[in-house]
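> Next come the chains, spelled out residue by residue.
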Amino acid sequence: MIEYKEHILRNGLKLIIHEDHSSQLVAVNVLYKVGSRNEEVHKTGFAHLFEHLMFGGSQNIKDFDGPIQLAGGENNAFTNCDFTNFYDVLPAKNIETALWLESDRMKQLDFSEESLEIQRKVVVEEFKETCLNQPYGDAWHHISDMMYSKHAYRWPTIGLDISHIEQAQLSDVKAFFERYYRPNNAILVLSGNIEYDHGVTLAEKWFGDIESGSVPELNLETEPTKVVANKRIRKANVPAESHYMGFNMPGRLERGYYCCDLLSDIMASGRSSRFYSNLYKGTSYFSEIDAYISGSFDPGVFMIESRLTDASQADKAEQAIWKEIKDIQQNGVSTEELEKVKNKVESGLIYSEVNILNKAISLAYFDALGDTTLINKQSDIYQSITTEEIQETAQTILNPSIVQELIYAPNEE
Amino acid sequence: MTLDRSIAPAIAALDTILIPQIDEYRLSNGIRVIELNSGSQDIVKLEYVHAGGRYQESQKLAAKLYSSTLRDGTSSRSSAQIAEKIDYYGATLSSRSGMDSCSLILYSLHKHLDQLLPIFLDVCTDPVFPEEEIRKTCVRSSEKLKIQLAKNEVLAYREITSLIFGDDHPYGYNTYPEQYLKLDRNLAQEHFDHCIHTEGSFIIISGKITDAIRLVITSRLEQIPIKENKRLEKVFDSYEMQAQRLNIEGPNSYQKAIRVGKKLCSREHDDYAKLYVTNTVLGGYFGSRLMSSIREEKGYAYGVFSMLDTMAKEGSFYISTEVAIKNAEATLLLMQKEIQELQDKLISKEEHRMVTNYIMGSFINMLDGPFKTSELIRTLYISGLDFHYLDSLIHTIRDTSRQEIQDIAKKYLQWEDMSIVMV
Numbered sequence: 000m001i002e003y004k005e006h007i008l009r010n011g012l013k014l015i016i017h018e019d020h021s022s023q024l025v026a027v028n029v030l031y032k033v034g035s036r037n038e039e040v041h042k043t044g045f046a047h048l049f050e051h052l053m054f055g056g057s058q059n060i061k062d063f064d065g066p067i068q069l070a071g072g073e074n075n076a077f078t079n080c081d082f083t084n085f086y087d088v089l090p091a092k093n094i095e096t097a098l099w100l101e102s103d104r105m106k107q108l109d110f111s112e113e114s115l116e117i118q119r120k121v122v123v124e125e126f127k128e129t130c131l132n133q134p135y136g137d138a139w140h141h142i143s144d145m146m147y148s149k150h151a152y153r154w155p156t157i158g159l160d161i162s163h164i165e166q167a168q169l170s171d172v173k174a175f176f177e178r179y180y181r182p183n184n185a186i187l188v189l190s191g192n193i194e195y196d197h198g199v200t201l202a203e204k205w206f207g208d209i210e211s212g213s214v215p216e217l218n219l220e221t222e223p224t225k226v227v228a229n230k231r232i233r234k235a236n237v238p239a240e241s242h243y244m245g246f247n248m249p250g251r252l253e254r255g256y257y258c259c260d261l262l263s264d265i266m267a268s269g270r271s272s273r274f275y276s277n278l279y280k281g282t283s284y285f286s287e288i289d290a291y292i293s294g295s296f297d298p299g300v301f302m303i304e305s306r307l308t309d310a311s312q313a314d315k316a317e318q319a320i321w322k323e324i325k326d327i328q329q330n331g332v333s334t335e336e337l338e339k340v341k342n343k344v345e346s347g348l349i350y351s352e353v354n355i356l357n358k359a360i361s362l363a364y365f366d367a368l369g370d371t372t373l374i375n376k377q378s379d380i381y382q383s384i385t386t387e388e389i390q391e392t393a394q395t396i397l398n399p400s401i402v403q404e405l406i407y408a409p410n411e412e
Numbered sequence: 000m001t002l003d004r005s006i007a008p009a010i011a012a013l014d015t016i017l018i019p020q021i022d023e024y025r026l027s028n029g030i031r032v033i034e035l036n037s038g039s040q041d042i043v044k045l046e047y048v049h050a051g052g053r054y055q056e057s058q059k060l061a062a063k064l065y066s067s068t069l070r071d072g073t074s075s076r077s078s079a080q081i082a083e084k085i086d087y088y089g090a091t092l093s094s095r096s097g098m099d100s101c102s103l104i105l106y107s108l109h110k111h112l113d114q115l116l117p118i119f120l121d122v123c124t125d126p127v128f129p130e131e132e133i134r135k136t137c138v139r140s141s142e143k144l145k146i147q148l149a150k151n152e153v154l155a156y157r158e159i160t161s162l163i164f165g166d167d168h169p170y171g172y173n174t175y176p177e178q179y180l181k182l183d184r185n186l187a188q189e190h191f192d193h194c195i196h197t198e199g200s201f202i203i204i205s206g207k208i209t210d211a212i213r214l215v216i217t218s219r220l221e222q223i224p225i226k227e228n229k230r231l232e233k234v235f236d237s238y239e240m241q242a243q244r245l246n247i248e249g250p251n252s253y254q255k256a257i258r259v260g261k262k263l264c265s266r267e268h269d270d271y272a273k274l275y276v277t278n279t280v281l282g283g284y285f286g287s288r289l290m291s292s293i294r295e296e297k298g299y300a301y302g303v304f305s306m307l308d309t310m311a312k313e314g315s316f317y318i319s320t321e322v323a324i325k326n327a328e329a330t331l332l333l334m335q336k337e338i339q340e341l342q343d344k345l346i347s348k349e350e351h352r353m354v355t356n357y358i359m360g361s362f363i364n365m366l367d368g369p370f371k372t373s374e375l376i377r378t379l380y381i382s383g384l385d386f387h388y389l390d391s392l393i394h395t396i397r398d399t400s401r402q403e404i405q406d407i408a409k410k411y412l413q414w415e416d417m418s419i420v421m422v
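As they're listed, the protein sequences go chains A and B.
Anchor point for the first sequence: position 190 equals 189 in numbering that gives the first Met the number 0, and the numbering is continuous, going up by one each time.
Anchor point for the second sequence: position 93 equals 92 in numbering that gives the first Met the number 0, and the numbering is continuous, going up by one each time.
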């Protein structure tokens with residue numbers, strides 16, 4: 000159970016405070032409700048590039064990192080398809096340094112050609128390091144493209160193409176800031192060694208005078224239901240044949256999301272899971288096998304990913320996976336098996352409450368999703384899922400007639 | 000009154016750090032227990048540590064084979080039965096091995112600990128290392144290694160560590176996919192017989208520890224019979240690295256992975272704390288000299304870091320980054336220039352204060368919460384140090400002067416002494 004209190008500033012900034020006085024630290028988390036799903040198809044990778052630019056200095060602070068380090072803190076950020084999240088963790092007595100920094104860059108980021116030029120290069124190197132220079136590094140470029148035809152999830156957060164980042168203009172950057180980086184599109188969470196009243200006073204002091212803006216409404220196209228299966232084979236310089244089987248699944252707020260999460264756990268989480276014991280240990284086809292969900296706000300992806308020990312056995316490997324899926328579809332799962340994954344979810348939730356930063360990010364996440372109270376309802380929702388629902392989920396979601404398959408085949412030497 | 004944003008909020012000095020209290024005691028069988036009681040969730044972590052890492056093994060890969068097959072079955076429980084129970088109670092049981100130690104780690108909710116401890120005890124005292132499971136594990140490890148070897152940065156790391164420590168030294172040797180296929184269960188058994196449950200073994204209990212929880216744990220662990228440590232501590236020839244440069248054609252051609260490094264010292268060395276500060280200035284944090292120059296000024300790399308990789312007996316220093324091929328030589332020159340600058344000029348008071356505060360803050364972070372702190376405890380204890388060492392380390396770091404940083408850079412970071420690997 001995570002206790003928290005909320006407050007909304009006049010400019011629309013949402014403030015959430017969680018007190019944990021066992022820590023000497025405080026986490027300051029600022030979430031902006033903008034991710035790659037807000038991008039235009041010919042300007043992808045922008046939300047992520049912007050995350051980098053947020054460290055390029057603001058009106059009164061030339062260098063973001065210096066002051067936070069001087070205050071004994073650390074900071075970082077991440078971007079995904081739904082939101083961009085910035086955080087600072089520092090000794091509680093220096094909390095104002097983080098609030099000064101975060102509020103100044105929300106109030107007025109300092110745009111310059113130099114800063115844009117440098118961060119464009121950094122992001123291009125990041126693109127190369129994570130996507131091009133790694134075996135299977137462009138898997139999510141292909142998967143996103145195969146899984147989505149209309150929805151903005153059809154490009155990955157890093158961007159569809161490196162050229163979109165290379166061509167980013169200062170005017171685009173300014174427009175993006177004015178559109179999305181406004182207090183009424185942000186959530187500020189303070190978690191750790193901080194009193195609620197003091198937190199509100201400080202937030203009002205540093206963020207109160209920032210002007211709100213008009214944030215464009217999110218207009219996303221609904222992804223049509225798939226009607227045909229698809230297979231893409233990519234010859235690449237990879238060390239082993241790899242298979243990705245993607246299935247569309249419900250969004251984060253739907254009950255089906257929880258069913259898919261538990262189903263993927265039954266299949267592949269832990270050493271007693273079906274995949275681990277029947278496929279990874281029970282056959283010699285796989286050097287790795289996993290099932291997981293993408294966890295996005297809008298309808299996401301249920302993925303089965305495997306790496307083969309021997310490409311000539313690919314057909315048998317694939318049949319073995321389908322045999323496991325069909326077993327759940329036809330025979331369902333036992334009450335004990337479901338109870339097991341629920342127990343794991345329960346402890347996972349408790350473990351995640353140890354760390355003040357985790358708690359801060361979770362609070363911001365659920366608020367961005369639309370309902371902060373969900374943070375303390377997760378356990379109950381998972382507990383309420385039945386074995387019938389799991390079987391039905393396996394039947395409807397893991398449908399062989401609409402599976403999207405990506406195969407990496409090693410180049411012949 | 001309007002807020003003047005051009006004035007930074009005052010920063011409170013971080014000269015004192017609250018170090019959590021630990022308790023140390025011995026069980027009736029002689030095992031040393033280090034207990035860290037903190038946290039508000041009903042969770043406990045149990046880590047049973049042995050002097051059984053690469054440094055203590057009788058043959059290459061013994062420690063790794065032992066730890067990756069430890070949970071594969073006991074006389075009375077199969078691998079699947081163990082996994083089933085652990086998962087059922089929402090716990091995690093992990094086994095790991097490193098350079099100087101190996102350990103078995105259990106995370107459990109209070110309410111399930113009673114059910115889980117018998118399994119924990121069974122796994123650590125009565126493993127059977129079944130031949131069939133071992134064979135499969137080895138095939139999979141071999142396949143996984145092949146995938147790792149397709150990455151430039153992995154190849155670069157392997158080369159620099161073997162240049163630094165020597166290819167036969169436990170800290171420096173590299174393994175190859177075909178080696179895994181020749182291993183058998185006797186190697187794991189032998190490692191168990193000689194390195195596990197010996198006088199050097201110890202247990203770290205962390206999390207929320209009530210009297211009842213303590214009693215449940217200690218009464219179980221007291222049943223473990225402790226062996227005399229029969230293995231003679233091996234002494235490895237002191238290997239002197241000859242600085243050299245290796246250019247390797249890597250599997251990926253978009254970027255070059257660069258590693259620049261040399262051998263340094265262990266934590267016990269008088270200069271360790273000062274090296275810690277000097278390394279941080281150079282490349283140990285986001286605002287470091289290397290990061291500012293190579294990432295923020297030139298945009299050559301997504302990240303560039305230098306680190307002290309410190310083991311129980313020795314340590315190393317290396318710089319690592321991945322850059323576009325055309326910028327590789329220029330990046331090397333920048334690294335050399337930044338080191339030279341540290342040797343030639345005193346760092347400014349401002350930068351000195353920033354680095355010191357950053358390090359103090361990072362220690363507060365490392366000590367935040369029982370589980371992070373337990374990691375630190377393990378690192379210190381396997382190096383033969385104790386928790387008091389932390390006090391003196393923090394004090395020496397805080398008091399390291401600007402002159403000392405320059406002296407240390409001159410004494411230890413001569414560019415000519417560094418080996419360079421580019422893949």
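Keep in mind that a hint or two might mislead.
[Said to hold, decoys possible] Derived lysine-lysine pairs resembling DSS-like cross-links, with alpha carbons at most 27 Å apart:
1) A:LYS322 x B:LYS143
2) B:LYS59 x A:LYS341
3) A:LYS173 x B:LYS84
4) B:LYS297 x A:LYS230
5) B:LYS143 x A:LYS92
[What the hints assert, rightly or not] Stretches of chain A that chain B covers, calculated by requiring three or more beta carbons in the stretch to come under 8 Å of a beta carbon on chain B:
6) 139-146
7) 253-259
8) 264-276
9) 365-379
It should be emphasised that the hints constitute simulated quantities derived from the structure, not laboratory data.
For clarity, every value in this text was computed on a predicted model and none was experimentally measured.
Even glycine gets a Cβ: it sits at the ideal position worked out from N, Cα and C.
> Now tell me if each hint is right for this structure.
Hint check:
Proposed proximity of LYS322 (chain A) and LYS143 (chain B) is supported: the alpha carbons are some 25 Å apart, at most 27 Å. Proposed proximity of LYS59 (chain B) and LYS341 (chain A) is contradicted: the alpha carbons are some 41 Å apart, above 27 Å. Under the criterion of a C-alpha separation no larger than 27 Å, the hint pairing LYS173 (chain A) with LYS84 (chain B) is inconsistent with the structure, at around 55 Å. Simply put, LYS297 (chain B) and LYS230 (chain A) have alpha-carbon atoms about 42 Å apart, too far for the 27 Å limit, and the pair is violated.
Between LYS143 (chain B) and LYS92 (chain A) the CA atoms are separated by roughly 46 Å; this puts the pair beyond 27 Å, and the hint is violated. Only residues whose C-beta sits within less than 8 Å of a C-beta in chain B count toward coverage, and the segment 139-146 of chain A has 0 of them, not enough to reach three; the restraint is violated. Check on the segment 253-259 of chain A: 0 of its residues sit with their Cβ under 8 Å from a Cβ of chain B, so the three-residue criterion for coverage is violated. A stretch counts as covered by a chain when three or more of its residues have a beta carbon under 8 Å from one of that chain; for the segment 264-276 of chain A and chain B the count is 7, and the coverage holds.
Under a criterion of three residues with beta carbons nearer than 8 Å to beta carbons of chain B, the stated coverage of the segment 365-379 of chain A fails, only 0 such residues being counted.
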